[in-house]
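These protein sequences, in sequence, are chains A and B. Heads up: the first sequence begins at 1 in this note's numbering, then just goes up one per residue. Heads up: the second sequence begins at 1 in this note's numbering, then just goes up one per residue.
Certain hints may be false.
As the list makes no split between identical chains, a pair holds if one copy fits it or if it spans any two.
As the list claims (entries may be wrong) - In the EDC-like style, the derived pairs of lysine to aspartate or glutamate whose C-alpha atoms are separated by at most 16 Å in a straight line are:
| # | residue 1 | residue 2 |
| --- | --- | --- |
| 1 | K297 | E287 |
| 2 | K105 | D49 |
| 3 | K182 | E225 |
| 4 | K210 | D235 |
| 5 | K182 | E287 |
Hints were generated in silico from the structure; no laboratory data involved.
Number of protein chains: 2
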Amino acid sequence: MSKSVAKYAIGIDVGGTTTKFGIVSREGKILEQDRIPTNAHEVVEDFIDDLYDKLMPMIKRIGGIENIIGIGMGAPNANYYSGNIEYPPNLKWKGIIPIAELMHKKFGLTTKLTNDANAAAVGEMTYGVTKGIKHFITITLGTGVGSGIVVDGKILLGHDGFAGELGHTIIRPGGRLHKSTKMRGSLEAYASATGVRETAIELLTLHPDKESLLRDYALNNITSETVYECAMQGDTIANQIFDFTGQILGESLANFIMFSSPEVIVLFGGLTKAGNLLLNPTRKAMEANLLPIFQNKVKLLFSELKEADAAILGASALIWDVSEYD
Amino acid sequence: MSKSVAKYAIGIDVGGTTTKFGIVSREGKILEQDRIPTNAHEVVEDFIDDLYDKLMPMIKRIGGIENIIGIGMGAPNANYYSGNIEYPPNLKWKGIIPIAELMHKKFGLTTKLTNDANAAAVGEMTYGVTKGIKHFITITLGTGVGSGIVVDGKILLGHDGFAGELGHTIIRPGGRLHKSTKMRGSLEAYASATGVRETAIELLTLHPDKESLLRDYALNNITSETVYECAMQGDTIANQIFDFTGQILGESLANFIMFSSPEVIVLFGGLTKAGNLLLNPTRKAMEANLLPIFQNKVKLLFSELKEADAAILGASALIWDVSEYD
Chain A
1 MSKSVAKYAI GIDVGGTTTK FGIVSREGKI LEQDRIPTNA HEVVEDFIDD
51 LYDKLMPMIK RIGGIENIIG IGMGAPNANY YSGNIEYPPN LKWKGIIPIA
101 ELMHKKFGLT TKLTNDANAA AVGEMTYGVT KGIKHFITIT LGTGVGSGIV
151 VDGKILLGHD GFAGELGHTI IRPGGRLHKS TKMRGSLEAY ASATGVRETA
201 IELLTLHPDK ESLLRDYALN NITSETVYEC AMQGDTIANQ IFDFTGQILG
251 ESLANFIMFS SPEVIVLFGG LTKAGNLLLN PTRKAMEANL LPIFQNKVKL
301 LFSELKEADA AILGASALIW DVSEYD
Chain B
1 MSKSVAKYAI GIDVGGTTTK FGIVSREGKI LEQDRIPTNA HEVVEDFIDD
51 LYDKLMPMIK RIGGIENIIG IGMGAPNANY YSGNIEYPPN LKWKGIIPIA
101 ELMHKKFGLT TKLTNDANAA AVGEMTYGVT KGIKHFITIT LGTGVGSGIV
151 VDGKILLGHD GFAGELGHTI IRPGGRLHKS TKMRGSLEAY ASATGVRETA
201 IELLTLHPDK ESLLRDYALN NITSETVYEC AMQGDTIANQ IFDFTGQILG
251 ESLANFIMFS SPEVIVLFGG LTKAGNLLLN PTRKAMEANL LPIFQNKVKL
301 LFSELKEADA AILGASALIW DVSEYD
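Sequences and hints are given; from them, build the entire structure.
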């Protein structure tokens, strides 16, 4: 089990529904991967047993456990400092779950834990578009809005390990209600797939006389993908939806830039499929809300990691540069 | 000039009007101090000559230059990485001014430069209420709003040295015009002495029939101090002004907390004289806008550094822990 021969890392992404895991090379190649449902186990020990049963044959195929340097895990409400998942609202296990310690005991491997958004940032730094970049922010635009902030080459964790909840910062005080946090006007209420859907419903309701391809869908069936497809066909309202989303996202990014002055902001997640429809208004609003000393400096990039692989890659990346990360 | 005997640091605060400087002990005692006007010199070299003429007798009195470890400077538009003041809007010297290098040549002493808000944070960490605290934010509420962000015991500088411009983050999109930046709705437009004055004028104009002690003053003579004095006498509008200011400040602080998860936020500067009139509504709005995992965790404190000394102390602190700071 000498460290010098370890060639692979295990990456595990604990999602609300599915847990994906794989064995990853230093270069970011996933050699083996599989998945299990996250909430099929009443107690976390059974979940870990299930992971173990699935992972051990994979580990054997890549030459045995002495080739594994350790385990990186991304999970909701994860605390890097303690290695615990703390009061996860969407998981079956309640309270404080010492998952890194339990994994370490089961596998005999160093296990590092962080939230999935931070894991995405470490993945980007290890295998993606921010290799060698010391100051950047990753924004994940999915069902919600996640963020990982890197300062001086390290994930910004804050004094308690919970730093980087940028999706919950308020950008429209008194604005749209966020259904699960009950907060008003947070970035996530607008710049997520859910937010795009809500903007669509609002605009269609507000302008009942305006024609739109979106009116061919029942309101309940409108998704961010629907909006994208209609926008690509030149639909005015669908384009307005992305303009509005980009406006709010760009204003938020400007605020983030004036906080940590990153060199790059990486956008990642489902909404980025909208490409320039989202990127152009975002960049415009971002630049318009920056002090001159920050203008035309920050690169706004899309992640180049495949979304299907990113969660496993990000988690695995935690373990490669523990020294960097600590 | 062996480092082991150096007992004192020089602190220099280059303000828009006055430059204050002094010799400071490791414990934060100012042994000697003086001031010169900042803008009396056409070229920066003359300014430095003037500083030298004033400082050398002071240095002699504390036992000679071998007792000085180095020079710390706070200045507007200062870049820690380069040691330059870059395009300062309020100074006579234009363009890029390599002031740290020029000081080093003149005095033969290591010279470190940062902006005044960052210097205030380093001063707080070295001599003030955040000694030993690794994650905190200092917010200076003066004519404007400055900020210094400390992450893992180091000032957050960002990739270009300009991080931490929290006064210019937008908290009311489309809101009040900031006269010098031309941006709308920035924190500084509200939570500064200037902002408090503007809020007073707005409220008095909006409610012409409401009685207020503030109506005994010509609008042009209303200052944040006037508002404070009236509020202390129970004036309703004056109290509303602080409630509103605290609301906006608190919302902003909540956003900052969800970015870097500090253990402490230190408030400093003229507006803090308002004490609980400002602190109570600020804390209330801050807590109300935080995700539960951040609630009731962050200490909101006033600086205990004397305002008259803080600028020199903060600048001098830059030089004590260069190793920490780099």
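Each hint, compared with the structure:
Taking the shortest alpha-carbon separations for K297 and E287, only the intra-copy value of 9 Å comes in at or below 16 Å, while the best inter-copy value is 34 Å. Proximity of K105 and D49 under a CA criterion of 16 Å is satisfied intra-copy only: 11 Å inside one chain copy versus 66 Å between copies. Proximity of K182 and E225 under a CA criterion of 16 Å is satisfied in neither setting, with 26 Å inside one chain copy and 37 Å between copies. Proximity of K210 and D235 under a CA criterion of 16 Å is satisfied intra-copy only: 11 Å inside one chain copy versus 51 Å between copies.
Proximity of K182 and E287 under a CA criterion of 16 Å is satisfied inter-copy only: 14 Å between copies versus 30 Å inside one chain copy.
In this structure, only the earlier hint numbered 3 is contradicted, and the remaining ones agree with it.
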